[in-house]
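K.L.:
Single-letter residue listing:
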Amino acid sequence: MENNQYLREEIIRMSGVNPTKCMKCGKCSGTCPAYDEMEYHPHQFVSMVDNGEIEPLLNSTSIYKCLSCFACIERCPRGVEPAKVVEAVRLIAIRRQGANRMTANDIPAMVDEDTPQQLLVSAFRKYTK
Amino acid sequence: MKVSYFPGCTLKNKAKDLDAYAYRSAEALGITLEEIENWQCCGGVFTTANNEVATKLSSVRALKEANDKAQPLVTVCSACHNVIKQTNHAMQNDKAFADKVNRYMAADGGYAGEAEVYHYLEMLRDLVGFETVKKKVVNSLKGKKIAAYYGCLLLRPNSVMRMDDPENPSIMEDFIRALGADAVIYARRNECCGGYISVESPDAAKKNSNAIIENAKAAGAQMIITACPLCKYNLVKSGADIPVVYFTELLAEALGVKEDTNGK
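These protein sequences, in sequence, are chains A and B. Under my numbering, think of the first position of the first sequence as 559, with each following residue one higher. Under my numbering, think of the first position of the second sequence as 419, with each following residue one higher.
Bear in mind the hints are in silico, worked out from the structure with no lab data behind them. Check before you lean on any hint, since a few could be wrong.
Simulated restraints on C-beta separations [to be verified]:
hint: 1; chain 1: B; residue 1: V556; chain 2: A; residue 2: K579; range: 52 to 62 Å
hint: 2; chain 1: A; residue 1: D670; chain 2: B; residue 2: R595; range: 32 to 42 Å
hint: 3; chain 1: B; residue 1: G561; chain 2: A; residue 2: K582; range: 45 to 55 Å
hint: 4; chain 1: A; residue 1: E613; chain 2: B; residue 2: D435; range: 41 to 51 Å
hint: 5; chain 1: B; residue 1: N586; chain 2: A; residue 2: K582; range: 22 to 32 Å
hint: 6; chain 1: B; residue 1: M419; chain 2: A; residue 2: K582; range: 47 to 57 Å
hint: 7; chain 1: B; residue 1: N469; chain 2: A; residue 2: E613; range: 17 to 27 Å
hint: 8; chain 1: B; residue 1: A605; chain 2: A; residue 2: E613; range: 30 to 40 Å
hint: 9; chain 1: B; residue 1: A472; chain 2: A; residue 2: K579; range: 27 to 37 Å
hint: 10; chain 1: B; residue 1: N469; chain 2: A; residue 2: Y593; range: 21 to 31 Å
hint: 11; chain 1: B; residue 1: N557; chain 2: A; residue 2: A657; range: 49 to 59 Å
hint: 12; chain 1: A; residue 1: R571; chain 2: B; residue 2: D678; range: 43 to 53 Å
hint: 13; chain 1: B; residue 1: M419; chain 2: A; residue 2: R654; range: 45 to 55 Å
hint: 14; chain 1: A; residue 1: P635; chain 2: B; residue 2: N557; range: 25 to 35 Å
Distance condition first, Cα-Cα at most 20 Å in a straight line; then the derived EDC-like pairs of lysine to aspartate or glutamate [what the hints assert, rightly or not]:
hint: 15; chain 1: B; residue 1: K513; chain 2: B; residue 2: E532
hint: 16; chain 1: B; residue 1: K432; chain 2: A; residue 2: D670
hint: 17; chain 1: B; residue 1: K655; chain 2: A; residue 2: E671
hint: 18; chain 1: A; residue 1: K687; chain 2: B; residue 2: E470
hint: 19; chain 1: B; residue 1: K624; chain 2: A; residue 2: E671
hint: 20; chain 1: B; residue 1: K434; chain 2: A; residue 2: D672
hint: 21; chain 1: B; residue 1: K625; chain 2: A; residue 2: E597
hint: 22; chain 1: B; residue 1: K624; chain 2: A; residue 2: D594
hint: 23; chain 1: A; residue 1: K687; chain 2: B; residue 2: E618
hint: 24; chain 1: B; residue 1: K655; chain 2: A; residue 2: D670
hint: 25; chain 1: B; residue 1: K432; chain 2: A; residue 2: E671
hint: 26; chain 1: B; residue 1: K625; chain 2: A; residue 2: D594
C-beta: ideal position from N, C-alpha, C; glycine also.
Construct the entire structure; sequences and hints are all you get.
P.N.:
Listed below in structure tokens is the structure:
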């Protein structure tokens with residue numbers, strides 16, 4: 559596995575997270591409401607970033623599955639804040655040109671008469687740049 | 419008393435009731451919600467990365483306007499509240515971030531996180547007082563068993579939100595009791611409904627939402643209240659067979675101001 563030191567440091571800088579504090583208890587993944595949707599889970603994000611294994615994360619749809627519910631941040635016994643790591647990896651992915659996961663053309667197929675604006679702005683915030 | 423008010427995108431569209439009931443109930447309690455001029459959408463989700471600046475400017479502008487008027491900033495939607503409060507916290511605690519923001523906003527003058535942000539529930543608890551709310555109730559909801567659904571955004575991260583105990587909250591239950599109803603306590607009241615995953619994976623949202631509804635019903639709930647339009651949408655779309663209503667609707671009903679009498 560490629561060890562990407564530059565991206566590791568960039569993620570640490572953007573997120574403010576120190577992944578070496580993680581004691582690998584798995585509580586973040588245990589409490590994650592999107593666990594079943596993810597290929598890589600919150601504890602794996604922390605440990606893979608710490609090991610410089612960033613590319614598999616950048617190429618996984620797992621980066622779009624975090625719900626920003628902050629459960630892992632609240633419940634981590636070491637204050638590692640895994641969601642901030644997921645967020646940093648996601649941003650590095652979608653800041654690349656042409657990497658948007660969603661466009662305005664996708665909206666009509668997603669909405670029904672009750673769809674709150676909040677749903678669309680939140681999805682756009684997470685899926686596009 | 420007058421406060422600044424950030425309604426947000428959904429309260430002016432799909433959740434107009436949430437907005438109107440909030441406004442009329444506040445008036446009945448002696449508080450005028452003064453809408454922020456030309457407010458812009460908060461973006462729905464706070465981006466935790468410290469090098470995301472432009473996406474947070476709408477929140478800073480709203481905060482700054484409230485602060486310039488020496489008024490607290492009140493929010494109703496859970497998402498707006500979370501984004502604005504986390505942005506304010508970053509302005510207070512991350513000097514490098516605040517410096518970048520203030521360079522963007524040079525023409526508007528500087529801001530350093532001075533404004534006070536209250537969710538409407540906090541306004542009821544801390545500025546009005548639940549005892550006062552109780553005295554103003556004209557239609558008691560006595561006998562109703564109501565479950566508070568907090569979801570994620572009101573309470574977390576607690577190091578910033580500071581609304582209540584994030585794992586054993588009571589503010590919404592105290593609100594329910596002030597209106598004369600019984601508060602139903604259940605385990606999943608602060609777990610996520612699935613949020614925006616419903617655009618890509620409606621089944622995943624349904625699974626999370628169903629677990630919340632079933633848990634509330636098993637504890638005896640006849641109704642669920644929420645502050646969040648997306649929570650309401652996900653809970654209703656997952657097939658809730660008990661009513662899911664905005665907390666402000668319940669308040670307006672209890673205060674006797676549910677019917678529109680003044681054209682607002």
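K.L.:
So, for every hint listed, does it hold in this structure?
P.N.:
Results for each hint:
1. Remark: the range hint 52 to 62 Å for V556/B to K579/A is upheld by a beta-carbon distance near 54 Å.
2. The beta-carbon spacing between D670/A and R595/B, approximately 35 Å, falls within the hinted interval of 32 to 42 Å.
3. For G561/B and K582/A, the hinted distance range of 45 to 55 Å is satisfied, since their beta carbons lie about 50 Å from each other.
4. For E613/A and D435/B, the hinted distance range of 41 to 51 Å is satisfied, since their beta carbons lie about 47 Å from each other.
5. Distance hint check for N586/B and K582/A: the Cβ-Cβ separation is about 27 Å, which falls inside the suggested range of 22 to 32 Å.
6. Between M419/B and K582/A the C-beta distance comes to about 51 Å, which sits within the given range of 47 to 57 Å.
7. Checked against the given bound of 17 to 27 Å, the beta carbons of N469/B and E613/A, roughly 21 Å apart, stay inside it.
8. Range check, A605/B to E613/A: about 39 Å between beta-carbon atoms, so the 30 to 40 Å window is met.
9. A beta carbon spacing of about 30 Å between A472/B and K579/A agrees with the range 27 to 37 Å that was offered as a hint.
10. Judged by the Cβ atoms, the range 21 to 31 Å given for N469/B and Y593/A holds: they are separated by roughly 28 Å.
11. About 53 Å separates the C-beta atoms of N557/B and A657/A, a value consistent with the hinted range of 49 to 59 Å.
12. In this structure, R571/A and D678/B meet the distance hint of 43 to 53 Å, their C-beta atoms being roughly 52 Å apart.
13. A beta carbon spacing of about 49 Å between M419/B and R654/A agrees with the range 45 to 55 Å that was offered as a hint.
14. A C-beta distance of roughly 46 Å is found between P635/A and N557/B, which places it outside the suggested range of 25 to 35 Å.
15. Among the hinted pairs, K513/B with E532/B is consistent with the structure: their alpha-carbon atoms are about 14 Å apart, no more than 20 Å.
16. Pair hint K432/B plus D670/A holds up; C-alpha atoms about 11 Å apart against a cutoff of 20 Å.
17. For the hint pairing K655/B with E671/A, the CA-to-CA distance comes to about 12 Å; that is within 20 Å, so the pair holds.
18. The straight-line distance between the Cα atoms of K687/A and E470/B is roughly 11 Å, inside the 20 Å bound, and the hint therefore holds.
19. About 18 Å separates the Cα atoms of K624/B and E671/A, which keeps this hinted pair within 20 Å; it holds.
20. Of the pairs offered as hints, the one joining K434/B and D672/A holds, with about 12 Å between alpha carbons and a cut-off of 20 Å not exceeded.
21. Using a Cα cut-off of 20 Å, the hinted pair K625/B and E597/A holds, with the two alpha carbons roughly 18 Å apart.
22. Distance restraint check for K624/B and D594/A: the Cα-Cα separation of roughly 13 Å lies within the 20 Å cut-off, and the hinted pair is therefore satisfied.
23. Between K687/A and E618/B, the direct Cα distance comes to roughly 18 Å. Compliance with the 20 Å bound is thereby established for this hinted pair.
24. For the proposed pair K655/B and D670/A, the alpha carbon gap of about 10 Å is at most 20 Å, so the pair holds.
25. Restraint check for K432/B and E671/A: the C-alpha separation of about 9 Å stays at or below 20 Å, so the hint holds.
26. For the suggested pair K625/B and D594/A, the alpha carbons sit about 11 Å apart, so the restraint of at most 20 Å is met.
When the structure is compared with the earlier hints, a violation turns up for hint 14 alone.
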